[in-house]
Structure formats: C-alpha cells, structure tokens
Amino acid sequence: MDRYEAMFARLNDKNEGAFVPFVMVGDPDIETSEKIICQLIESGADALELGIPYSDPIADGPTIQAAAIRALENGVTPGKCFEMLARVRAKYPDTPIGLLLYSNLVVVHGIDHFYGLAKDAGVDSILVADVPLREAKPFLDVANQTGVAQILIAPPNATEETLQQIGEHSRGYTYLLGRAGVTGVETAADVPAEALISKLSDYQCAPPILGFGISTPAQVTTAIQAGAAGAISGSATVNIIAKHLDDLPAMLEALNSFVSDMKSATAK
Amino acid sequence: MNQLDSKFGEFGGMYVPELLIPALDQLEKAFLDAKDDPAFQQEFTSLLKDYAGRPTAMTLTRNLVSNPKVKLYLKREDLLHGGAHKTNQVLGQALLTKRMGKTEVIAETGAGQHGTATALACALLGLKCRIYMGAKDVERQAPNVFRMRLMGAEVIPVNAGSGTLKDAVNEALRDWSANYDKAHYLLGTAAGPHPFPHIVREFHLMIGEETRAQILEKEGRLPDAVVACVGGGSNAIGMFADFIDEPSVRLIGVEPGGKGLHTGEHGATICTGSKGILHGAYTYIMQDKEGQIEESYSVSAGLDYPAVGPQHAHLAATGRAEYVSVTDEEALNAFQLLARKEGIIPALESSHALAHALNMADEADEETVIVVNLSGRGDKDLGHVIKILGEDFNGSL
Chain A
1 MDRYEAMFAR LNDKNEGAFV PFVMVGDPDI ETSEKIICQL IESGADALEL GIPYSDPIAD
61 GPTIQAAAIR ALENGVTPGK CFEMLARVRA KYPDTPIGLL LYSNLVVVHG IDHFYGLAKD
121 AGVDSILVAD VPLREAKPFL DVANQTGVAQ ILIAPPNATE ETLQQIGEHS RGYTYLLGRA
181 GVTGVETAAD VPAEALISKL SDYQCAPPIL GFGISTPAQV TTAIQAGAAG AISGSATVNI
241 IAKHLDDLPA MLEALNSFVS DMKSATAK
Chain B
1 MNQLDSKFGE FGGMYVPELL IPALDQLEKA FLDAKDDPAF QQEFTSLLKD YAGRPTAMTL
61 TRNLVSNPKV KLYLKREDLL HGGAHKTNQV LGQALLTKRM GKTEVIAETG AGQHGTATAL
121 ACALLGLKCR IYMGAKDVER QAPNVFRMRL MGAEVIPVNA GSGTLKDAVN EALRDWSANY
181 DKAHYLLGTA AGPHPFPHIV REFHLMIGEE TRAQILEKEG RLPDAVVACV GGGSNAIGMF
241 ADFIDEPSVR LIGVEPGGKG LHTGEHGATI CTGSKGILHG AYTYIMQDKE GQIEESYSVS
301 AGLDYPAVGP QHAHLAATGR AEYVSVTDEE ALNAFQLLAR KEGIIPALES SHALAHALNM
361 ADEADEETVI VVNLSGRGDK DLGHVIKILG EDFNGSL
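Protein sequence lines correspond, in order, to chains A and B.
Per this note's numbering, residue 1 is the first one in the first sequence, and the count goes up by one each step.
Per this note's numbering, residue 1 is the first one in the second sequence, and the count goes up by one each step.
Keep in mind that a hint or two might mislead.
Okay, derived cross-link-like pairs now, DSBU-like style, lysine-lysine, Cα gap no bigger than 30 Å in a straight line [stated by the list, open to error]:
1) A:K80 / A:K137
2) A:K14 / A:K243
3) A:K119 / B:K289
4) A:K91 / A:K119
5) A:K199 / B:K182
6) B:K387 / B:K7
7) A:K91 / A:K35
8) A:K91 / A:K243
9) B:K259 / B:K387
10) B:K289 / A:K35
11) A:K91 / A:K80
12) A:K199 / B:K387
13) B:K49 / B:K29
14) B:K136 / A:K243
15) A:K80 / B:K289
16) B:K98 / A:K80
17) B:K182 / B:K98
18) A:K137 / B:K71
19) B:K136 / B:K29
20) B:K29 / A:K137
21) B:K69 / B:K218
22) A:K119 / B:K341
23) B:K7 / A:K137
24) B:K275 / A:K137
Here chain A is said to cover these stretches of chain B; the calculated rule only asks that three of the stretch's residues, wherever they fall, bring their Cβ under 8 Å from a Cβ of chain A [said to hold, decoys possible]:
25) 12-26
26) 158-166
27) 289-302
Hints are computed from structural coordinates only; laboratory data are not their basis.
Since this is a predicted model, take the numbers as computed values, not measurements.
Where a beta carbon is used, it is the ideal one built from N, C-alpha and C, also for glycine.
Start from the sequences, fold in the hints, and give me the full structure.
Here's what the structure looks like:
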C-alpha cells in the first residue's frame with residue numbers, strides 16, 4: 001500500500017476526509033520553510049501539497065505567485081527543495097508528500113531525471129499544472145517507471161473523454177478543481193460539486209481532493225459532505241505566511257490554529 | 001482530440017492547464033469551420049482590402065544597395081492600416097471571436113503594438129476589449145496606452161513578476177482560464193499553445209502569397225531569399241509559409257541580438273538554442289540552468305520576447321529556414337539608412353531584417369533578388385530613437 005492509499009484507509013476508518021495544506025517550498029527561505037512544513041504536519045495535516053518555485057506560474061493567482069517570487073529571490077532551486085524534503089521525509093515517514101509545479105522545471109534536465117530526484121527525496125506524487133492529459137504521456141510513463149503518482153486534474157468543464165482518461169491513468173488522488181480560474185481566495189470554490197464527484201467515481205478515478213478557492217472550515221465540511229475525499233487549501237495557507245514574515249513564532253502559531261481548525265472540519 | 005497536428009516536429013503542443021483545453025478545442029473547431037466558410041472568408045478578405053488596405057505594395061529600393069547584382073525589394077506591411085502586419089491577424093481572430101459567440105477579447109501587449117491592433121479590431125467589430133500590459137511598459141509607452149484607450153480598450157497594468165511582456169501573457173492566460181466561456185484570448189504572435197501558431201500563420205499567409213505574385217510579375221521568377229525579423233515570429237511565418245515548399249527560396253529569420261549574444265542581453269532564442277516550455281509551447285526559450293524563464297532584451301520592443309513560435313523552431317531544426325541575429329546597433333544603422341536613402345522610416349523590428357539583408361547584398365557575387373518583409377513603420381519608435389541618437393542628431397551616418 002502506498003502512502004496515499006494508507007492515508008485514505010486510515011481516514012476511512014476514522015470517518016474523516018483529508019485536509020491537505022499547500023505551501024511553496026522555500027517560501028520565504030529554505031530554513032523557515034522547513035519549519036513551516038513540519039508545523040503543518042504537527043498541526044494535523046493529513047498530506048502535503050508543495051509548490052516548487054517557478055518564474056511564470058500561469059495557473060496561480062497573486063498570493064502563490066508572490067510566494068514563488070519570495071523563494072526565488074532567496075535563491076531557492078529545485079535541488080535545494082529536494083534536499084529539504086528528504087529531511088522532512090526522514091522525520092515523517094508516513095505523510096504523503098505531493099509536488100505541484102510547472103513543466104519547464106521538469107523538462108529542463110529531462111523528465112526521468114527530475115522524477116528520480118523527487119522519488120529519492122521521498123516525494124509521493126507530482127502534479128504538473130501546465131501539462132493536460134493530452135501532453136501527459138511522457139510524464140505518465142516516467143511516473144509509472146519511478147513509482148511516483150502522476151496527479152491528474154479534473155476541471156469543472158471536463159468532458160466525458162477527459163474523465164474516462166483520468167479514470168484510466170490517475171494514481172494517488174485526483175485534483176478536483178472547485179472552479180475555473182487560477183488559485184486564490186478571491187473567488188470561492190463552487191461546492192458542492194456532487195455531480196462531478198459522482199462521475200469521477202463512475203470512472204473509477206483516484207479519490208478526489210477539492211482545491212482552488214478553499215479557505216474556511218465550512219468549505220472543507222461542505223466538500224467532504226459532497227463526497228470529496230479531502231480538501232486542499234493553498235492561498236489561505238500562504239497568506240498566513242505572507243502576513244507574518246517578520247515574526248516566525250506568530251506565523252507558526254497562526255498556521256497551527258488554521259490547520260487544526262481546517263482538520264477539525266474534515267469529520268464526516 | 002485535435003483535428004490539426006498540434007506539433008511541428010518535436011515543437012509546439014498544448015502545455016496549458018487542463019481547464020483551458022476545451023477553450024482551445026473550441027477555437028480550433030471555429031477556425032476550421034471558418035476556413036471552409038465562404039461567407040467568413042469573404043468578410044475577412046473585404047476587411048483586409050477595404051479597411052486595412054491590402055494588398056500592400058512591393059517596393060524596389062532605388063538607392064540603398066550599391067551592389068549592382070542585387071535587387072532588394074521591400075514588402076510594405078508598414079503601409080497597412082495600424083502601421084504593421086499585425087492588423088491582418090487581429091481582424092481574423094476578432095471575426096473568429098464573433099463566430100464563437102463570444103463578446104469579449106483579452107490580449108497581452110509588450111510595447112503596445114499588438115494591443116493597439118487588437119483595440120482597433122475590437123472597436124471596428126463591437127467587441128469589449130481588455131489588454132494586459134506590464135506596468136513598466138505602461139509607463140514607458142504612454143502614447144500607445146492612450147491609443148488603446150482612445151479606441152475603447154481597457155488597459156490593465158500588470159505588476160506581477162517582472163512587469164513586462166511575458167508577465168502580461170501570463171496574466172492574460174490567467175484571465176482567460178476564468179472567463180473562457182465569454183472571452184476569446186487574442187494572442188499576438190505565432191507562438192503559444194496549439195492552435196494559435198496555426199491560426200496566426202493562416203491569418204498572415206497573404207504576406208507571402210502577395211509577395212510571390214508581385215515578384216513573379218516584376219522579375220518573372222521567385223526571389224532568392226525572403227528575410228523577416230523574428231520575435232514571436234508572426235510576420236516571418238506569414239512571409240515564409242508560401243515559400244516553404246520552394247527549395248530555391250532561402251528563408252531567413254533575423255532575431256534580436258540586443259547588446260550581443262555573449263552579453264546575455266538579447267532575444268535570440270533560436271540562435272542560442274535552449275529548448276523548453278513557455279506559454280503553452282515546447283520551443284526555444286530564454287532560461288537559466290534551473291529552467292526559470294529569463295528576461296529577453298532588445299532595442300525593439302516587438303522582438304523582446306523570451307520564446308519563439310514553434311514552427312520557426314521546427315524550420316530551424318530541419319534546416320529549412322536559417323536564423324541569424326542582428327544587434328541593436330546594426331538595426332539602428334539600418335533604420336537610419338532606409339530613412340536617408342529611400343525616405344521610409346521602418347519599425348525597429350523590421351530594421352533587424354533589413355540590416356541582415358544589407359549584409360547579404362554586400363556579399364552577393366551573383367544576380368540576387370531579396371525581399372525584406374518591412375513588417376511595420378517606425379513612427380512608434382521615434383521617441384525611443386531620439387533618446388538613443390540624441391536631440392542634436394543632424395542626420396550624418
């Protein structure tokens with residue numbers, strides 16, 4: 001059983017959904033980011049979704065763009081991210097760790113090279129935000145060879161053909177988009193998304209976790225009541241980091257209470 | 001699945017969020033339907049003729065070239081309404097927007113040329129238009145911002161990232177991913193995800209087709225070479241496309257060499273040869289060793305783009321077209337020469353193509369017919385050139 005399967009089985013036994021916070025690795029710097037990531041796990045995150053900083057993140061709104069810029073300005077590279085993730089993995093052997101990133105970071109040195117580094121660092125899954133199913137084959141092939149789960153996106157406007165392909169290829173979990181647009185709390189997710197969730201189940205897609213526009217415990221509860229296996233909250237989490245850049249203890253405390261509140265809302 | 005091939009060899013593709021795939025598929029379908037629809041073609045052709053002023057002239061230079069073996073012609077896209085070739089394809093895409101039942105247009109612009117062209121097409125066809133422009137560019141290009149607003153477009157400054165063209169493209173893509181049901185993204189060059197490279201090329205095809213007919217009429221044969229500047233590559237692909245299957249015609253793309261390729265301050269993506277993915281396509285891009293996108297640089301804003309259209313990448317990889325680079329300084333010299341010798345002030349973009357053609361003319365030792373695509377006029381560049389040459393410029397070269 002891989003880490004995602006183990007997590008879903010454990011949560012199922014407890015009658016809970018997953019709460020998955022997203023942060024940018026290396027935001028604002030590697031050392032602080034490592035403390036942030038450990039805090040998220042300590043505070044009850046069931047899994048982590050982590051960004052690798054990229055200069056041109058077309059699927060992200062202003063909050064996550066700013067996080068990437070902070071990290072890049074501090075010299076964060078994928079290599080430094082992997083070194084840090086390996087330390088996190090050593091400390092927390094069971095928490096699923098997923099990456100969310102952009103294709104050019106992966107192809108610049110070759111897909112197999114990048115996925116190999118990720119696997120060695122203890123990463124469980126990779127979602128490439130600008131690789132749709134139509135371009136996914138080389139990524140899926142390498143993912144299957146290296147044993148990293150390629151996470152696929154189910155958008156609200158997905159065609160039957162798209163859902164069927166997600167059913168065939170998805171591993172780990174399915175990233176269910178709560179709405180159109182880019183990441184950010186400015187526009188809330190359209191939950192419940194029962195119709196789409198039920199279709200995903202028909203096509204035997206990996207368990208759907210809802211993301212985009214999730215910032216409150218009430219949204220988490222609604223998502224899980226609608227049948228989602230969990231909820232991802234990115235911009236709301238990153239906003240807490242951005243607000244407390246000059247006060248690390250306050251930042252960690254605010255993250256702790258946010259994650260605890262969001263996690264509490266996952267009970268079915 | 002795609003009806004057209006989304007790749008040019010290994011280049012191109014649709015590297016965009018899954019969310020945008022239905023919008024790109026809808027666009028491909030509308031484009032293919034329109035191609036077969038005589039009513040669409042008739043409306044496009046009549047706008048090109050009666051509104052934009054096609055066909056554009058083919059001018060044989062009189063004084064510019066001293067080598068008697070060489071005839072240097074200029075394809076006069078600078079005479080098109082709007083002052084550049086860009087008007088061709090914005091009219092085509094604006095008509096497609098209406099055909100898809102969409103009422104809004106999103107566009108990006110660097111220095112404001114594509115934004116201005118988009119604004120004029122939207123004013124003409126009654127479309128609501130918003131244009132993303134890097135905040136730095138909004139400050140630097142006040143006259144173009146005013147032109148766009150005068151024609152009813154909303155200009156939205158982009159502060160994200162580096163606040164220049166690539167960030168304006170990013171922001172336009174973000175807007176489109178939230179509003180694709182009512183808005184069309186009117187991309188400004190033959191780059192980006194499929195089907196944009198196809199569509200933009202098709203809507204500029206007449207540049208090469210007219211060139212063929214005009215040179216055949218004047219010379220009784222095809223040209224030996226056609227030369228065009230390449231940023232994203234729209235004017236060049238429009239010029240090249242009709243000659244790709246004519247092996248006797250050399251296709252030469254001229255990239256912006258900026259301050260020199262060795263300085264890193266340039267936009268010569270093909271000449272420097274680093275492959276990657278930007279704005280939806282696998283192509284040649286400017287990037288660091290980690291794959292972060294780097295800023296391009298050129299004296300000419302229209303060539304200042306850190307990627308290139310995927311068909312150019314393919315034409316380069318297969319050797320069918322040649323790509324060279326010309327520095328700011330060489331382009332500025334050609335800019336002045338054309339003004340002085342022929343009474344034509346070219347765009348700084350087109351000056352790059354001209355500079356290379358003049359080198360070719362000097363070196364030719366047999367009868368040679370060269371056509372330069374004079375893609376735009378230089379009035380828009382005067383403010384910038386005055387700053388470089390100095391207020392006390394007296395015309396001596």
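Query raised in the report: Holds or violated: are the alpha carbons of A:K91 and A:K119 at most 30 Å from each other?
Result: At roughly 16 Å apart (the allowed maximum being 30 Å), A:K119 and A:K91 satisfy the hint.
Requested in this report: Could you grab the alpha-carbon distance between A:K91 and A:K35 and see if it respects the 30 Å cut-off?
Outcome: holds (12 Å)
Query raised in the report: Regarding the pair B:K387 and B:K7, is the alpha-carbon distance no greater than 30 Å?
Result: With a Cα-Cα distance of about 42 Å, the restraint between B:K387 and B:K7 is violated, given a limit of 30 Å.
Query - Restraint check for A:K80 with A:K137, where alpha carbons must lie at most 30 Å apart - result: The given pair, whose Cα atoms are some 28 Å apart, holds under the 30 Å limit.
Query raised in the report: Does the structure keep B:K69 and B:K218 at a Cα separation of 30 Å or less?
Result: holds (16 Å)
Query raised in the report: Does the structure keep B:K98 and A:K80 at a Cα separation of 30 Å or less?
Result: Violated. B:K98 to A:K80 sits at ~49 Å, over the 30 Å cutoff.
Query raised in the report: the segment 12-26 of chain B covered by chain A? Criterion: 3 or more residues, Cβ-Cβ distance below 8 Å.
Result: With 10 residues closer than 8 Å to chain A, the segment 12-26 of chain B meets the three-residue bar; holds.
Query raised in the report: Quick one, are A:K119 and B:K341 close enough, alpha carbons at most 30 Å?
Result: Measuring from Cα to Cα gives roughly 64 Å; hence the hint is violated.
Query raised in the report: Does B:K182 lie within 30 Å of A:K199 when you go C-alpha to C-alpha?
Result: Within the cut-off at roughly 26 Å; holds.
Query raised in the report: Does the alpha-carbon distance linking B:K136 and B:K29 stay inside the 30 Å limit?
Result: Judged against 30 Å, a Cα distance of about 37 Å means the pair is violated.
Query raised in the report: Does the alpha-carbon distance linking A:K80 and B:K289 stay inside the 30 Å limit?
Result: holds (14 Å)
Query raised in the report: If you draw a straight line from the CA of B:K275 to the CA of A:K137, is it 30 Å or shorter?
Result: Distance of about 19 Å is within 30 Å: holds.
Of the numbered hints stated above, those contradicted by the structure are hints 2, 6, 12, 16, 18, 19, 22, listed in ascending order.
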